[in-house]
Every structure is written in C-alpha cells, then in structure tokens.
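Protein chains in written order, with this note's numbering: chain A, 1 to 285; chain B, 1 to 346.
Hints are computed from structural coordinates only; laboratory data are not their basis.
Any given hint might turn out to be false.
Unchecked claim - Covered by chain B, according to a simulated footprint, are these stretches of chain A (three or more residues, beta-carbon under 8 Å):
id	region
1	94-107
2	145-156
3	232-240
Beta carbons are placed, not taken as given, at the ideal position from N, Cα and C, and that holds for glycine.
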Amino acid sequence: MHSVMQQPFKTAVLILVWGWLLFLVLAPNLLVVGASVMTRDPATFLSLPLNLDAYRQLFDPLYLEVFLHSLYMAAMTTLVCLLIGYPFAWALSKVGKQRQLILIFLLIVPFWTNSLVRTYALKLILATNGLLNNALMSIGLIDEPLQLLYTEGAVIIGLVYLLLPFMILPLYSVFEDLKQELLLASHDLGAGRLSTFINVIVPLTLPGVLAGVMLVLLPAMGLFFVPDILGGSRNLLVGNVIKNQFLDARNWPFGAAASIVLTVTMAFLMFAHRLSKRRIGEEGA
Amino acid sequence: MKKLALAGLLAVGLTGCSSEEPQVLNLYNWSEYMPQEVLDRFTEETGIQVVYTTYDSNEAMYARLKLLDDSAAYDLAVPSTYYVSKMRQEDLLMSIDRSKIEGFDQLDPELVNLDIDPENKFSVPYLWGTTGLAVDTADIEGEPVTAWEDLWEDRFDGRVMLTNDMREVFHVGLRVLGYSGNSTNPDEIEAAYEKLSELMPSVRTFNSDAPRMPYLEGETDVGMIWNGEAVMGKDTMESLEYVYPEEGIIAWLDSFVIPKNAKNPEAAHQFISFVLQPEISALISEEIGYATPNLAARDLLPDEVANNRASYPNATDMINAEFQTDIGDDALQVYAKYWEMLKSGR
C-alpha cells in the first residue's frame with residue numbers, strides 16, 4: 001500500500017494526524033492530569049504544591065455514592081439501549097439495501113439538531129401539561145397526569161433517546177458481517193433457534209455489543225445537561241459533579257480528578273473490548 | 001433568554017458585512033434580566049450593537065470572568081451584592097469614571113456607598129430584589145402559607161421547588177433554625193443541611209434559569225422564587241402569589257461592573273448612563289418586575305407597579321430581611337460539600 005502512496009502526501013497525512021493527536025488530544029489531557037495533582041486555590045484556581053488530595057477526596061463516601069448512582073443510571077440506559085438496539089440492528093441487517101439506507105438515514109437525522117434543543121423538546125413531551133400526558137388523558141387511559149418530569153425515569157429516557165444510535169450502529173456492523181453459512185451450519189448440525197442464538201449469534205456479535213456499551217455507558221455518565229433539564233437538577237451524574245466543581249465550588253483539582261476517573265474507566269472498557277475481540281478472533285481461526 | 005443572545009449574535013453577524021466596523025458592547029447578564037426593547041433602543045440611539053450573553057448563577061459568572069482571557073471578554077456584567085466586593089478585592093474590575101455617568105445622583109441614597117463598594121468606584125446599582133415564597137393559591141388547600149417552615153408540611157409532598165442556588169437554599173435552612181443566612185459556623189451549616197434533607201423528599205426540582213416556569217407548567221405549587229419572576233409569572237397565572245415569609249426574605253442588589261479585560265469600556269459607560277435615564281429604568285422595572293434603585297424612575301411608574309408589594313416591599317415586609325455577604329472560601333467549601341450531599345441524597 002505505502003509503495004503506491006506518494007512520499008510527500010504520506011508525510012503530510014502523518015503530520016496532520018500526529019499534530020491533531022498531540023495538540024488536541026494529548027495536550028488537553030495532560031493539562032487535566034496536571035490540574036488534578038495541584039492544590040486548589042481560591043484566588044488563582046490552581047497552585048503548588050503537587051499532591052493527591054483530589055484523588056483522596058474521590059473516596060469520600062458522598063462522591064462514591066454519586067458515582068455509583070451515576071453508574072446505575074448509565075447502566076440502566078445502556079441496558080435499555082441494548083434491549084432496543086439489538087433487535088433493531090438485527091432487523092436492519094435483514095431488510096433490503098435500499099431500505100437499509102433510508103433507515104440509517106432516519107437514525108442519523110436527529111443528530112442535525114443540537115442535543116440540548118432535543119432535550120428541551122423531550123421536556124415538553126414529558127411535562128405535567130405535556131403532550132404525552134394530554135394524549136393519555138384524552139384517550140382515557142389515565143385520569144390524573146403522571147409525574148414523569150423531574151424523575152430518575154425522565155433522566156434515563158433522555159439518555160436513551162440521545163444515545164440509542166451509538167448502540168445501534170456498531171451492532172448493525174457486526175450483524176452485517178454475520179456469515180449466513182455459520183447459521184446454516186448450526187441448523188444442519190441440529191441446533192435449534194435458541195441454541196443457535198446463544199451459541200453462535202451472541203458470541204459473534206459480542207464485539208458489537210461491547211463497542212455499543214462503551215459508546216453509551218461512558219457518555220451517559222457525562223451528559224450533565226440531561227439531569228439539569230429533565231431531572232430537576234437532581235439524580236446527578238458524574239458530569240454534574242465535574243461541572244459543579246469547576247463552576248460553583250471552584251475546586252478545579254477535584255473536578256479534574258473526577259474526569260480522569262471517567263477517562264480511566266473508558267480505557268479499562270476499551271482494554272476489555274480488545275481482549276474479547278482477540279478471544280473471538282482466536283476461536284474463529 | 002437564549003433567543004435574545006442569539007438575536008444579538010445575529011445582529012452582529014449581519015452588520016459585520018458592512019464596510020464600517022460597528023461598535024459592539026458585550027453584556028454579560030442574568031437570564032431574563034433586561035427587556036429586549038431597552039437593548040434595541042440603545043442600539044438605535046448610539047449605533048452600538050449589544051451582544052447579550054446570560055448566566056444563571058453568580059458562581060458561573062465569576063468563574064468565567066476570573067479567567068480574564070479573550071474567551072470571556074465582557075464589557076459589562078451584573079454581579080449580585082457581595083460578589084461586587086469579592087471581585088473588587090480580587091482586582092477583577094475596572095474603576096468607573098463617574099464623569100461619564102449621567103444620573104448617578106438620582107439613585108436611592110440607601111443603596112449607594114454600601115460596604116460592598118464604599119464610594120461606588122467600581123459599581124453602579126442596576127436593580128434590587130428579593131427571594132421569597134411562591135404559592136399557587138389555586139392548587140393549595142388548607143392554611144395559607146406564611147413561613148419558610150411551612151414548606152416542610154406533608155401536604156406539599158412532591159410539590160416544592162427550590163432555586164438552584166446553594167447560598168439561597170441554605171439561607172432558608174439556616175433562617176428556619178433561627179440562624180443568620182450568612183452563617184460561617186460549620187455546626188450551623190450542618191444543622192441546616194440536616195433540616196433541608198428532611199425537605200428533600202418533597203422537592204420536585206431546582207431551578208434558577210427561570211424559577212417561575214415549574215409553577216406555570218404545573219409541576220410545583222409552592223417554594224422559592226425571585227420577586228420579579230413572581231410578578232412576571234402572575235401575568236400568565238393569576239393564582240401565583242408572592243409571599244414574604246416570617247423568617248425573612250433574602251435581599252440582593254445587582255450592580256453594573258466593568259471587568260478589567262473589557263474591550264469597550266467606553267460603550268459600557270454609555271450603556272450605564274442610558275439605563276440610568278428615569279424613563280428607561282422605569283421601563284425595566286415595569287417589564288421584569290424587580291425594583292429600580294432609581295428614585296426619579298420610581299416617580300414615573302404606573303400606580304399598579306409602584307404599589308405592587310411583590311416588587312416594592314413595605315417596611316414590615318423587610319423585617320428579618322438579610323442581604324447575602326461574602327462568607328469566605330473556607331465556609332464556601334463547607335456549603336459546597338453539603339450542597340452536593342443534599343442534591344445527591346435520596
């Protein structure tokens with residue numbers, strides 16, 4: 001391949017990619033790491049000496065509780081996304097090419113609208129005088145409006161709505177690669193539908209599941225505006241803690257340390273993802 | 001209010017096409033705290049475009065201005081009471097040239113030369129207001145609500161709203177226990193936290209973006225509100241009442257200041273003078289429901305505005321009222337921790 005590529009062009013691409021990674025990925029992250037080991041200072045935000053106080057503060061039972069609750073809501077979001085996304089992606093891979101294009105297009109269209117605007121729209125739907133309650137009352141399903149807005153459920157609905165495509169797309173790609181021959185072979189060897197699903201389809205689509213989980217779980221802990229708008233500033237996510245530390249409490253080292261925890265969790269998940277891919281690759285070989 | 005900011009940006013973008021470089025005033029203000037008409041008239045009169053950017057807490061405003069860099073180059077900001085002294089002492093403000101300000105002498109003598117800025121070298125009062133109780137009388141049964149303490153009653157379960165403001169919420173908790181809303185005593189703050197955590201199951205939402213909205217949307221019936229928001233809310237919902245709680249309201253004074261890194265301090269001075277015109281000050285107070293410190297403007301107000309107790313409290317309403325003061329960084333950290341606990345508790 002590289003023999004085809006012109007040398008100057010290759011160099012330019014490499015400089016661009018490395019430059020991008022160095023200045024826009026590595027440098028900001030190093031700044032965050034740097035901030036997390038400094039001392040908080042009311043006048044200048046950050047000061048010396050270096051220490052690990054911010055990380056120690058993370059183990060305060062309070063923040064542990066926020067982190068766990070945030071993880072719980074993100075996990076629920078991921079689960080719901082998986083339950084909807086898995087059959088959706090499967091069905092998507094079964095329909096004709098023309099329809100596939102249209103469906104994927106429809107999946108992506110909402111991204112053209114800012115997610116903040118879409119979250120406000122969701123608020124109008126879930127409100128006490130909102131569309132959903134009015135519709136349910138007019139068809140006589142309920143007499144009193146349901147309290148949907150400003151609940152944990154509303155936050156999860158919001159997160160699922162915003163993140164569902166990130167679950168569907170990687171799943172779709174593994175279903176596309178799923179070889180029909182393997183399924184036929186499974187049938188020929190006497191496996192029933194359930195057995196084929198559990199022993200063949202699930203293991204083969206696992207990398208897609210893990211990729212989807214990664215793309216949903218971590219962002220779900222960071223989208224602070226969803227609890228702010230739909231959760232009534234309650235049901236906090238780790239993202240809210242980070243935002244509050246930077247803006248309200250003015251404790252930058254702690255805010256930085258909290259965001260590093262998210263980054264490390266992400267790295268851990270990616271590592272798990274690679275492991276699973278390698279394992280499946282070996283089995284397939 | 002975000003619409004306004006957008007409109008402002010759009011206006012700048014449009015005029016940016018003309019050959020002549022238009023003057024711009026970057027105004028950093030609370031959301032829904034300046035009628036569009038005032039901005040339009042200022043532009044009409046002076047040719048200076050106003051870019052209106054909003055914030056919903058002093059903390060957020062302070063954190064941005066503190067950076068003093070180009071991403072936060074505002075020409076005018078409107079901090080509340082003690083934030084003026086805090087920012088002045090931290091050398092974040094430019095002094096205001098009084099010779100360029102017209103109409104300063106019309107301001108209420110009781111609201112100038114305060115401790116926060118003894119000679120008003122750095123600030124010019126814009127509006128003052130209070131945080132009190134909002135009650136949707138149409139949805140409330142039984143005894144009328146008269147005190148902060150009443151929020152703790154069982155009948156309001158799930159119907160209470162608090163502002164999304166750490167100091168204000170703790171102010172309520174502290175006052176109910178009989179302490180000062182400006183307490184720096186960790187034991188008192190903890191006691192207030194304990195008291196407030198009993199209220200939390202009743203609290204449906206926190207809102208400092210537009211505190212009237214949860215009442216208008218029917219999500220909450222009772223809780224905290226800013227008086228101007230209550231006045232604006234009553235226009236849409238007649239049953240929304242503003243109540244002065246027995247334990248005392250929280251009072252504040254918001255002032256214009258010019259940040260040190262302002263790019264167009266000249267325009268900032270012009271804007272302050274423009275707002276100080278009695279006619280403009282009266283228009284603002286009438287439109288957004290907060291009280292103007294401009295005595296000449298008070299005379300121009302229609303009777304129903306001047307006599308509206310929600311906007312202009314009388315002497316008995318102000319009994320036990322407290323202005324917020326700077327509590328210092330140590331106490332702030334104590335508040336911040338309990339605030340986080342309060343909002344994450346379940």
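Comparing the hints with the structure gives:
no.: 1; hint: 94-107; in the structure: violated (count 0)
no.: 2; hint: 145-156; in the structure: holds (count 4)
no.: 3; hint: 232-240; in the structure: holds (count 4)
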